[in-house]
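Chemist: One letter stands for each residue in the lines below.
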Amino acid sequence: MEQAKQPVKTEVMLDIFKRTMPFQVVSDAMLRKIAAVSWRVTYEPGAVIYDAGDKADDIYIVVSGKIEHALEPDVQARRPVQTLKAGDVFGWAALLEKFPARLARAICIERAEVVRINGDELLRLLESDPDAGDVVMSRFATMIRQDYTVPDLIAQLRSIHRKLHAADIQGMNPTLYRVSLWLKSPRPYLMLIGFALFLGFWYLAVEVWKLPRFREMPGITGVIKEWISKDPTYGLSLYTPEYYEHIGMSVWRVTQAFFLATILGVPFGLFLGWSKTFKEYLFPVFETLRPIPILAWVPLAIVMFVATESAVIYLTFLASFYATALNTMLGVDSIDESYIRAADCLGASKWQVFRHVIVPGALPFIFTGLQISVGVSWFSLVAAEMVSGQYGLGYVINTSYTMVRYPTIVIGMITLGAVGYITSAIVRLVGDYLMQWRLRELAMGGR
Amino acid sequence: MARRKFDTRSITRGVISIVVFVILWEIGSRSKQWLGADIFTPVRDALGAMGFKKNYLPWIGAVPAPTEVLQAWAGVITDPSYWLSWYKSSLRVLAGFTAAMLIGIPFGLLLAVNRTAFGIGFPVFEVLRPIPPLAWVPASIIFWPTQELSIAFVTFIGAFYTIVINVVGGAKSIDVRYFQAAQSMGSSKWDIFRRIILPGTLPSIVVGAAVGMGITWEVVVAAEMISGGGSQTGGTGGGGLGFFIWNSYVGGSYQQIVVGMISIGIAGFISSELLRTLGKYVTPWLRLR
Amino acid sequence: MPQAAARGAIRIDDVVKIYDPDGAAVMAVDHCSLDIEAGEICMIVGPSGCGKTTLLNAIAGFHEITSGTITLDGEILCDTAHPKAEPGSDRIVVFQNGALFPWKTNLENVAFGPTMQGELTRAEVVEKAMGMMADAGLAGVEHNFPGEISSGMRRRVEIVRALMNDPKVLLLDEPYRALDSLTKSVMHEALLEIYYKNKVTIFFITHDLEEAIFLGHKVAIMTTRPCKPKKILIVDIPHPRDYSALTSKRFRELMEETNEAVHEEALKAFEAGEKEG
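Protein chains in written order, with my numbering: chain A, 1 to 447; chain B, 1 to 289; chain C, 1 to 277.
These are calculated hints, taken from the structure and not from any lab test.
Treat the hints loosely; a few may be bogus.
As the list claims (entries may be wrong) - Listed below are the simulated DSBU-like cross-link pairs for lysine-lysine, each with C-alpha atoms no more than 30 Å apart in a straight line:
| no. | chain 1 | residue 1 | chain 2 | residue 2 |
| --- | --- | --- | --- | --- |
| 1 | C | Lys-84 | A | Lys-279 |
| 2 | C | Lys-249 | A | Lys-85 |
| 3 | A | Lys-85 | C | Lys-184 |
| 4 | A | Lys-279 | B | Lys-280 |
| 5 | A | Lys-279 | C | Lys-104 |
| 6 | C | Lys-184 | A | Lys-350 |
Chain A on its own, in the form it takes in the complex (with noise of 0.2 Å):
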């Protein structure tokens, strides 16, 4: 039988959570909310706490004493029967949905001092502060799932995970689930001073104090206007259709050069990094060639492919290529010999090895290269329309300057930067999807 409350003093509750894991990882702050939702209650040698089938209400800590825990067979535990000392937590139904009768029969052995907390309020305040209640529940899954086999219980945690994120975790887009934790935080409120700071200054400095060297420039509300216009003075706006000539120009020239490098690069790497011979035949002429600077290459190019657009696209690709084919063979050294000795002892062939160790463990990487490679395919696009285009972003940013269309160079810069972000997201996409294990692995981990 239950003895009577005893008032809560919040530091010794603070001291006793500290020493109690789940309850470690979480704030000061999060843990006094904890404790004004608890109480400590002492019980003697042969007091039932609960019962099999009993409401499940509260969480319980054990600060001293012994209290048995023996569980219900249909639990199926590993261990149906346990001891339980100071520190231990128990009676965690109480955080289940689908529980909420007990599991077990718990009675105390040796007299023992207990703190209760409320189940409802504590996941409202797990629920309330998405950071904590991430990583105390993951912590309370991985407690359980050490001791019990039931996969009702595992599925029941995995939708209290649900609960605290607007996204399913399983085959969930990450992207969302940053998106969806970074609006809670005062992350966006910030970034709004940043970019209010940043365009402000813009404005008064070209077009309202006038400042020497920036009342040249094309001030911000010109640009603008420019921009929005149904008939822009220069011939370049969101509604004309010269704009988005130019953009998918750029946009295609980029996607053939970094498919083409995609395609011969992966493998290059790939080789590169599996066999030393490949490697110590072909490096040396790769790292010759790879100090010339891309622009370097641009009237050879001119020179060697007669049509321009091959040599844009060339130039674009030799950058890609590059980058691709490093990061590549620096994520097959990167991977632990550990993998594929394991590999090796199983019983695999050379070829088995290269198809399920290496290239799924230098997948990282890669896809770390695909980003690198496709920003520094905009970099030299750019340049090679510069130079030598006649349609596409960067010739649009040459000729505007040589025109004397100022406001149209920096729309041609903002939409250059916007394009440029979403193509490497884009990659990133893709590499976040095929490297499904990486995300939960990073969810799990309370990140």
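Position chains B and C against the provided structure of chain A, taking the given hints into account.
Modeler: Same frame as chain A, now just chains B and C:
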């Protein structure tokens, strides 16, 4: 594991591969001279069918041969304006790179250390980052009074982004236990900055610098080519190595193009190696693993 | 004492391993001879860096030996003439930091060996894998990735992955080193449970003497580098064992007998400034 300081087998293989490469280059670029022979008729027909010109191998056939390049180089080495180009390009690279380091490292550290500064500054930084440095050229020319300054600014932008990203990434990845150890030994915030954040970020700064250096060369060469017409003194030595290449192209001496390309490659390689050696000197603890 | 099992007897005969970094010959293993009976749990105890992993790597086929012979059930794995064994699924290693493929689910990891060898159909492999995982208390995590489960569970999955191939020998290279002692004690009992169901020879490297005496039939205490057996202890506590064995009188006696030998070598290693392998 047995390892020798100089692995002769891999060096030999490397040398062989470069020699083979140069030989293939030589043969390919002289294809105009031998592709006309009768035994190659089917090859020529195939090229024609694919849409290429029939009298030389595609792409490689248009490139000057290594022997021609060496000849041109011998001719240019005695020309002081060639070395002037080296000097000018190197100076621009140094200027832009140093500016990027001097501004980028403190900026990066500020972002990494202060969460508010990060929240305000990083989004703007990230939004501007995808704009390629060369897209800034016209704006830069409008803004800066002299051509040199506008080139320097664009060079600065190129390296700046890389350095900041690496500094921020490096500072963030410092193992949190170092901070905890310092705090438990009673360090002040300034101490922690000086003795943990700075040295801890140093390896990333070195990496960022090395990559940034490569980008700087790219941008300098491009900027020199783009504002190529603008070099006042004329001849080959006016505007740096990028201008040298462009001028050679315009003037029709294709061998000199390749001379210029290789020169820049060498210059870039030397500067990267210098940086890497400096980097190793500055982070001695990384050498011993 | 283990029941007579027909397979998995290892004989290490006068093995020497000399490394040659930078021309300075470093002897890692010094005329080491050791007999391991089929189906036996043999614990190798020694200080860090003493060369025990070298022995394991030689048996597994990852490294060469300089001279000597290692045989498995009478067949030569490696000797002076052919110093490197071929890695194979009759001797499977469980690695110190775990080598479950993070990009495959636990089930795919466990099924990896038979899938690569191609002798069973996919359905058969999956059935066997699910069964073995359930036996080892791993039901429910089949479709998770290794990064999502605890390190203790990961170790178990790795052991199941090895056992799926019906190996003669399990080579364990300090598998529980990175686990806290509470998880470790759970893992010990789990390992014994698995062992009682699948009688394989176990070659287990550890620096933890308690772990060695608790698990092993035989404990070989190795000298610091270059390593050779300093003292061989036969643990006569009967199997099956459970955790109560740790506090039994016999256990204490065995600890007393061997503690000094281990400590002596540990001190030598410390003074020599040995780094962990």
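Chemist: Next step is simple, just say for each hint if it's right about the structure.
Modeler: Status of the hints after comparison with the structure:
Straight-line distance between C-alpha atoms of Lys-84 (chain C) and Lys-279 (chain A) comes to about 25 Å, which keeps the hinted pair within the 30 Å bound. Our distance criterion of 30 Å between C-alpha atoms is met by Lys-249 (chain C) and Lys-85 (chain A), whose separation comes to about 26 Å. Our distance criterion of 30 Å between C-alpha atoms is met by Lys-85 (chain A) and Lys-184 (chain C), whose separation comes to about 18 Å. Taking the CA atoms of Lys-279 (chain A) and Lys-280 (chain B), the gap is near 25 Å; set against the 30 Å cutoff, the hint holds.
Annotation: proposed proximity of Lys-279 (chain A) to Lys-104 (chain C) holds, straight-line Cα distance about 28 Å (limit 30 Å). Pair hint Lys-184 (chain C) plus Lys-350 (chain A) does not hold up; C-alpha atoms about 35 Å apart against a cutoff of 30 Å.
Consistency note: the structure conflicts with earlier hint 6 alone.
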